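So the protein lines, in turn, are chains E and L.
Last residue of the first sequence: number 357 in the working numbering, and the count goes up by one each step with no gaps.
Last residue of the second sequence: number 357 in the working numbering, and the count goes up by one each step with no gaps.
Hints listed in this document are in silico derivations from the structure and should not be mistaken for laboratory results.
A couple of the hints might just be wrong.
It does not matter which identical chain is meant; a pair holds if it fits inside one copy or across any two.
[Unchecked claim] Result set (DSS-like, lysine-lysine): computed pairs, CA atoms no more than 27 Å apart in a straight line:
#, residue 1, residue 2
1, K304, K261
2, K12, K201
3, K99, K140
4, K304, K314
5, K312, K99
6, K261, K155
7, K140, K314
8, K183, K83
9, K99, K314
10, K183, K304
Model, not experiment: these values are computed from the prediction.
Protein chains: 2
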Amino acid sequence: MQNIRRMVEKAKRNRVRLRPHFKTHQSAQVGEWFRAHGVEAITVSSVRMARYFANHGWDDIMIAFPANILELESINELAARIKLHLVAVNQETVAALAKHLQHPVQLSLKIDTGYRRTGIMATNYAEVDALVQQIREQDKLQFAGFVVHDGHTYKQTDTDAIQTIFNTSVYQLRLLRERYKSKFPDLQLSIGDTPSCSIIKTIHGVDEIRPGNFVFYDLTQQRIGSCSFDDIAVCMACPVVAKHPDRGELILYGGSVHFSKDVILQEDASSVYGRVVELTENGWSGPLEGIEVVSLSQEHGVVKASPELFDKYKIGDLMGVLPVHSCLTANLMQGYLTTAGEQLEHLTGLPQRELVS
Amino acid sequence: MQNIRRMVEKAKRNRVRLRPHFKTHQSAQVGEWFRAHGVEAITVSSVRMARYFANHGWDDIMIAFPANILELESINELAARIKLHLVAVNQETVAALAKHLQHPVQLSLKIDTGYRRTGIMATNYAEVDALVQQIREQDKLQFAGFVVHDGHTYKQTDTDAIQTIFNTSVYQLRLLRERYKSKFPDLQLSIGDTPSCSIIKTIHGVDEIRPGNFVFYDLTQQRIGSCSFDDIAVCMACPVVAKHPDRGELILYGGSVHFSKDVILQEDASSVYGRVVELTENGWSGPLEGIEVVSLSQEHGVVKASPELFDKYKIGDLMGVLPVHSCLTANLMQGYLTTAGEQLEHLTGLPQRELVS
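Start from the sequences, fold in the hints, and give me the full structure.
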């Protein structure tokens with residue numbers, strides 16, 4: 001909860017709204033920790049997640065993913081009862097929303113300031129003009145502003161590089177604000193990645209931040225420099241199921257179905273799929289040296305250990321493992337246990353359909 | 001279902017027992033398709049999955065994963081009502097089972113014939129002798145034989161290489177049988193990977209095969225040579241949510257939380273995360289040329305398309321995607337829809353605990 005408190009205070013200090021992304025934890029109870037810190041507006045990445053949190057009392061929710069017009073029925077149902085924010089990239093999407101929405105929604109345009117995944121290029125004024133005009137003409141659509149997700153900060157390990165990415169985005173966003181502020185004096189600039197929000201001290205020039213991962217952090221964020229090992233607030237407890245003394249390897253019941261296949265490439269070109277910690281009565285230690293998760297298959301985790309640590313672990317012991325990517329790990333787990341022993345739920349299931357012949 | 005029929009017939013022709021691995025589908029209804037083909041014994045990878053299928057009428061189940069002695073209570077509950085097979089690698093595990101089991105279980109030793117993930121080295125006769133002797137002394141443990149999983153066939157794309165792996169395993173397993181057959185005339189040799197079971201025509205020298213992936217197959221198996229594109233029996237239907245004409249890319253609602261991050265490296269060093277097919281009324285076409293899933297983030301799939309195919313897809317269309325790894329994709333989806341429109345369930349949730357501070 002210290003991670004939450006710290007981000008809440010940082011947002012207050014910088015006078016920006018914290019609209020935390022709840023996809024990392026997907027837990028009503030973890031949501032309550034945010035509410036206790038005064039957070040009122042949240043971000044999610046699907047209609048289904050929005051419904052889950054709306055059912056748990058959240059009434060100001062942004063779905064920060066290009067609106068899926070195949071879910072208009074659920075969108076209408078949600079827009080009837082909460083302040084719903086959607087995001088669009090294309091005119092086709094805006095047209096479909098305009099045609100089928102039954103209740104007003106906030107609509108932001110997703111802008112690409114350098115990540116190159118999705119979003120309108122920040123310099124494509126012709127397209128932004130056309131979209132803003134299209135939104136203006138629709139009474140159910142309330143133009144809210146511009147949202148950015150700088151996912152390319154995840155590839156950096158240098159504070160200056162992250163600062164540059166942030167500055168570049170803010171610069172481009174402010175040009176957009178200048179362009180439209182006479183017609184939309186309240187338009188909001190929203191930015192979202194955990195590395196920027198964690199590392200950059202002075203968050204000026206935007207109205208809102210939407211980090212998510214910081215609630216737990218993970219080895220990836222530690223590597224980037226967003227957090228210390230001590231800040232990582234999620235740990236998997238995996239049973240030791242086999243030992244191989246000939247090669248100093250232990251087998252954990254914990255594989256890619258639990259951790260996902262995210263990996264950290266080390267400077268010596270070796271791969272790490274998780275760092276081992278000692279589980280204690282009230283939590284866990286810092287990462288141990290001389291022991292690491294070196295490979296994962298579907299249910300097996302392979303841990304390479306120094307002779308001393310190899311001998312320390314017995315079959316049936318629980319080994320603590322810090323994950324490489326907490327969002328995916330949490331998504332795969334569907335439930336948490338706090339170090340105080342409380343059970344927390346996690347939204348289960350996914351909306352897409354898999355076809356079987 | 002054609003994949004099931006073909007494997008059932010192959011097992012019959014070779015006079016080996018087919019004990020299919022159900023972790024690929026984890027669906028009671030898909031299990032019924034096997035039962036309709038006369039299958040009576042199954043494989044799973046966790047106690048939880050065993051309980052799920054026991055509750056759906058399966059009474060001969062092998063948990064093909066080193067027994068997790070932290071789950072002895074559930075193991076006892078299962079062993080009271082079904083013929084339960086466990087697998088062990090270490091003496092510590094056998095000792096814990098011997099001490100706490102309340103009902104007889106079948107116990108096989110997991111042998112490593114070359115994969116080097118887990119298992120007793122096939123040539124480590126001293127260790128196998130000790131383990132067999134240890135099992136013999138316990139009345140609740142019934143020594144069943146030796147199991148192998150040749151996961152290294154997944155790295156091959158050459159039929160001869162797979163045949164060599166299979167022959168090497170069978171050779172080593174038969175030496176083990178020779179060694180113990182006077183005391184255990186009924187001991188069983190069991191082998192399990194989908195590539196071997198699909199590619200090798202004459203499966204001689206073992207008593208049992210445990211393939212799982214073949215029920216759906218996937219792009220990885222097609223690449224290995226285990227199946228043709230036409231045999232792939234699972235397909236994700238993903239909504240198109242954004243279009244980027246400037247770079248010929250479409251954005252799908254379908255990312256690593258749905259597909260996992262498995263990837264196929266192509267000969268030109270490019271990566272493929274899924275092949276696109278045309279969805280038809282009764283199923284789907286073969287993979288289209290000039291369009292591929294080229295990257296995945298958490299919820300986004302990025303599809304690169306030729307100009308013609310780019311123009312063909314509109315926002316809100318469903319795009320069919322063949323997955324790289326059907327086991328992980330199925331695990332992430334928790335539900336299927338058959339091409340005949342039937343809803344199929346998938347076991348949800350996972351047993352490990354994630355700790356939160």
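_As a check of your reading, is K312 near K99 (CA-CA no more than 27 Å) within one copy, between copies, both or neither?_
between (65 Å within a copy, 22 Å between copies)
_Homomeric proximity label, K12 with K201: Cα distance no greater than 27 Å_ = Within one copy only: 12 Å inside, 68 Å across.
*Is it within, between, both or neither when you check K261 against K155 at 27 Å Cα-Cα?*
both (17 Å within a copy, 17 Å between copies)
*Using 27 Å as the alpha carbon limit, work out where K99 and K140 are close: within a copy, between copies, both or neither.*
within (9 Å within a copy, 68 Å between copies)
*If the cutoff is 27 Å on CA atoms, where do K140 and K314 land: within, between, both or neither? Let me know, please.*
For K140 and K314, the Cα distance is within 27 Å only across copies (23 Å; inside one copy 62 Å).
_Within, between, both or neither: how does the pair K304, K314 come out at a Cα-Cα threshold of 27 Å?_
This pair counts as within: shortest intra-copy Cα distance 14 Å, inter-copy 49 Å.
*Given identical chains, is K183 near K304, meaning Cα to Cα at most 27 Å, within a copy, between copies, both, or neither?*
neither (61 Å within a copy, 37 Å between copies)
*When no copy is named, should K183 and K83 be tagged within, between, both, or neither for a Cα gap of at most 27 Å?*
This pair counts as within: shortest intra-copy Cα distance 22 Å, inter-copy 73 Å.
*How would you label the pair K99, K314 (within, between, both, or neither) given a Cα cut-off of 27 Å?*
Between copies only: 16 Å across, 63 Å inside.
*Tell me, please, which holds for K304 and K261 at an alpha-carbon limit of 27 Å: within, between, both or neither?*
both (17 Å within a copy, 23 Å between copies)
In this structure, only the earlier hint numbered 10 is contradicted, and the remaining ones agree with it.
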